[in-house]
Each structure stands twice: as structure tokens, then as C-alpha cells.
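Trainee: As given, the protein sequences belong to chains A and B, one line each in that order. Position 4 (the first sequence) corresponds to 4 in this note's numbering; numbering is contiguous. For any residue, its number in this note's numbering is found by taking its place in the second sequence, counting from 1, and adding 1000.
The set of hints was computed from the structure by calculation and includes no laboratory data. Please note that the accuracy of each hint is not assured.
Unchecked claim - Derived, one-sided and incomplete: chain A residues facing chain B with beta-carbon distance under 8 Å:
1) R42
2) P73
3) F85
In this text the structure is predicted, and so the values were computed from the model without any measurement. All residues carry an ideal CB built from backbone N, CA and C; glycine is no exception.
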Amino acid sequence: MSAPAIEGWFTTGPDPTLTGERCTTCTTVYFPPTIAAAGFCRNPACGGEEFERVPLSRRGRVWSYTDAQYQPPPPYPAPEPFEPFALAAVELPEGIVVLGQVARGFGVADLRVGAEAELVVEPEAVGGALMWKWLPLGSGHVTELGEEADQ
Amino acid sequence: MSTAHPRGVAVAGVGMHPWGKWGRSFVQYGVHAARQALGDAGVPWTDVDLVVGGETVRNGYAGYVAGSTFAQALGWNGARIATSYAACATGAQALDTARARILAGLCEVALVVGADTTPKGFLAPNAGERWDDPDWLRFRLVGMTNPAYFAMYARRRMDLYGATPEDFAQVKVKNSRHGLANPNARYRKQVSVADVLASAVVSDPLHLLDICATSDGAAAVVLVSDDYARRHGLDEAVRMSAVSTVTPTFPNTVLDMPLLSTDASGGHEPAHTFKESLAVAAYEEAGIGPEDVDVAEVYDLSTALELDWIEDLGLCKRGEAESLLRAGETTIGGRMPVNPSGGLACFGEAVPAQALAQVCELTWQLRGQAEGRQVEGARVGITANQGLFGHGSAVVLVR
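Next comes chain A alone, as it looks inside the complex:
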């Protein structure tokens, strides 16, 4: 099993989840989990400085989506030749919208604002480090769900 592209932001086992941090004072949840290292709760009504790690919901609703048809500049690790990819911003029940690439094999035609999506983990095109992706649900490609989950 490859290492994650960034340490501590998501789990890579079966049913992977993003890892948030929750303020123990006001219960506000943050992602990415960089708030504990920063040291201060960003809620203006809270002086909290202690946080606990919490798994975020795996499923949410698509806030919006697009794709990248031009190669992004470095440090994006683009394969040669460049492979376009779709992007989705998914709103989790916690009220956090999280960006990610869409699972390989899916494009904007598989997405819709308000549709369900689920967190999966896939190797990056270059280097093979694991990265979280959004898998569109109920898009007609559901048969691929099993394959994605196997990774």
C-alpha cells in the first residue's frame, strides 16, 4: 500500500474518511486538520486551543464541479501526456465543502449540483501516492463502485 500524498489528512483503508479536527471548547469542526498545529480556534466567539481528531462523513452533496482540460502548473504532478481530470466540491453533513479530484473514469457529465458523492482513495497518476477523490453516486457508473472501493 502506497503512502498518502499528505500525511494525516485522510485514512486509506476500507471506507476511507477525511480527518477533521474538532475544537473541544465550541465543537467547530475543521478540515484540513491544520488547526491544532496553528493553535487557535477560528471561531471568533471561541478562545479554544485544544482539538481532537475526528473522521468526517464519507458522503456529501456536490456543491459544484468542473474539470481541468489544460495542464495545471507545478507543483501539480502531471503525467506525460497530460490526462484531463474532473474536480468536485462536495458539501458534507458537517457543513464543510471539500475540494477534490473526481474518481478516475468520471467526468462533468456524471455530476450535478446537489447529487451525492462519496469519498474514495486512488493512487496519483505520477508516483502512485494515495489521494482522496470524490466518487459520483447514482450517475449510471455505479457498477464501478466496487472497483474503486477495491483500491
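Start from chain A and add chain B according to the hints.
Mentor: Just chain B now, with coordinates in the frame of chain A:
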């Protein structure tokens, strides 16, 4: 805050260096714009007692100390200096610094200058391994370019309000027409809907011609105290009655460049989005409302974003900007002309100069000097822009 005679400062003069790719130093552009503005005001450089420069982050040390750089280039005259950085709102924050010092009675004549020399292509993050820099991480982990954010906002308009790629193209068509006669615009060519739709898709649904370029350019504004204006026959000058540079309020629940996520809504949406709050604060400070606005210059980083801004400024209800556009209301001659300068569509973005360029355009509009693109009878104008990391601005000018 609003009084019968709203507090403000006089816009004595404005000037620009034409936008383009000229291959020269940002200092040359800035000095050109500064001299244009001083000439326009009829104010001698020796009267300037404050220079505020808009910082440019990609022109080395001179760019980091832009206020000093421009002051020295114009010839040290003993003025105070300041340098502002607020991403795309840099120019407005520089204006705010100048205005505050004038209103505090600490300065009479302020020269505000922003200039940039830009690279080609996508704006990329700083080099190196920067695992604690969100602007670096969004490229490394997700491949999220600026146009991809613009495309997400555009797609929401399509799925939620029924906007079409043709609507977005129409914004470009309108702005390209507006900019035809603007001597400072970089692109002065009428573009058709077919041209836009035939250009390559960058990030679905946005085509290359939906997205603004990056440009070299410079803009400058001379602000003076009421006292100075009276003594020098500038009583009739356009007035700057609001400069809003408020930050977002927590939780910020709209996905924002360059972040990978939003704050948690905690189950309730804030009363105003960040972009709405920029306008709300500007209207409150100026003592006016959206119904008073005659003309707007908004930050059309993409065509679809112009439609968002029209609603963020309260110029129509949420989801109705396409109807306004289709009815021709946002074109010159319509009820609510937007981007008569041609906007970023015709200029391309020169970050530290852009918010100042918006103020230049509205000043010309309110004076009736916008030749070939005049909004007849315009008395009240508002600008709007948003940049990275909680920066944004809205400026109100009145005559």
C-alpha cells in the same frame, strides 16, 4: 455613520498606463500613470505629501516597497510613504490608507499608484516544497487552478439558475463592445458568441475567452482633502464616499480561492456572503443603497463572475442576473450598465493596479469624460473585487 453631508475625500485626478504586454518595468508604468493623474488633477508633484504604492509580489524587492519605489522614481520630495498588499484589492486598500490619513487631517494630497508586470499563462504558486501553504497545496494535491474555481461558480449558475454557456459568452460580447473605444484597454476587438464558444474549454463550462488574461498595466489616483480642493478650485471633483475592505465573517461557507475547503456552516448560513458583505459595508458607509447606483465596475475574472457580482452588489435578486443580461440592461444604454470600461475581459488583470483602474473608469464616467463608452447622466458608481485570503473591496464614487 451616514450624515447629511457624507464624509469623503475628493478624487482630484486619475491616470493610467495602457494595459498590455509591454515588457518594461512596472516602475515605468507606475510613473507614467502617476504623472497622468497629477496632470489630470493639475496638482504639482511637490504638493504630494503621501505616496501609497500597491505592492507587486513578482517584481523583486522594488515591488515589495512599491510606495518607496514610486516616490523615489518621481524624485524624493519628502512625502510620507506606505505600501499596501491585499491581493486583488491591493489598490483599494491603498486608497483606504490614503483616505484615512486625509480624513485624520494628517495629509492633504495623496498619490496612490499600482503597477504590475506579469508572466504568461496560469498564475502559479511560489516555487519549492511548501506543505503549509494553501496556495501551493491546492496545485500539488488537487491541480486546482484559478479558472477551475471560476468554473465551479459558473457551473452553480447553470445548475441552480439555468444559465447557459451562451449567457457567459454574451457577457464577453458586451464587454468587448464596451472596451472598443477605451484607449487604455488591451483587447479592442468585437468578439461574438461563436468566437467564445469556439475557443478551447479551459475548465468546463468556461472557454478561454470567458477567462481574463494577465496584463502589464498601471493606474494612479490623486486624493485631496476638502480644504485643499477648495483652495485649488477642485470643489466639483468626484467624491470617494466609501472604501469597503471588510474581511469575511465566520463561518465563510463559500468556497474561496486558494482554499481546499470552507469553514463548517454549523447548520446555519451567515446573513451575507463575503462578497455581499463588501457591498453592504460600502453602501452603509456611503449612505446609499443599490437602487442609487448608475454604473458598476466589477471584477470579471470570468464572464460568469460578472453575473455573480451583479447579484452580490444587490443590483438584482439572486439568480436574476442572466435576465438582466439577456434584456440588455447591463450594457451601456441599459438600466444598469456594468463594466463600461470593458472590464477585465478587455484589460486582463494587473493585480495591484486593477482596483485603481476601476476607480479611474468610474471617475471618468461620473465626469462625463468616458468618450465612446459614456453612461449618460451617471452620478453614482460602485466598484467590486475579491482577492485571495479574505481580501476584497468595494468603492463608491459620487458626483
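Trainee: Taking each numbered hint in turn, which are not upheld by the structure, reported in ascending numerical order?
Mentor: Violated hints: none at all, because every hint is consistent with the structure.
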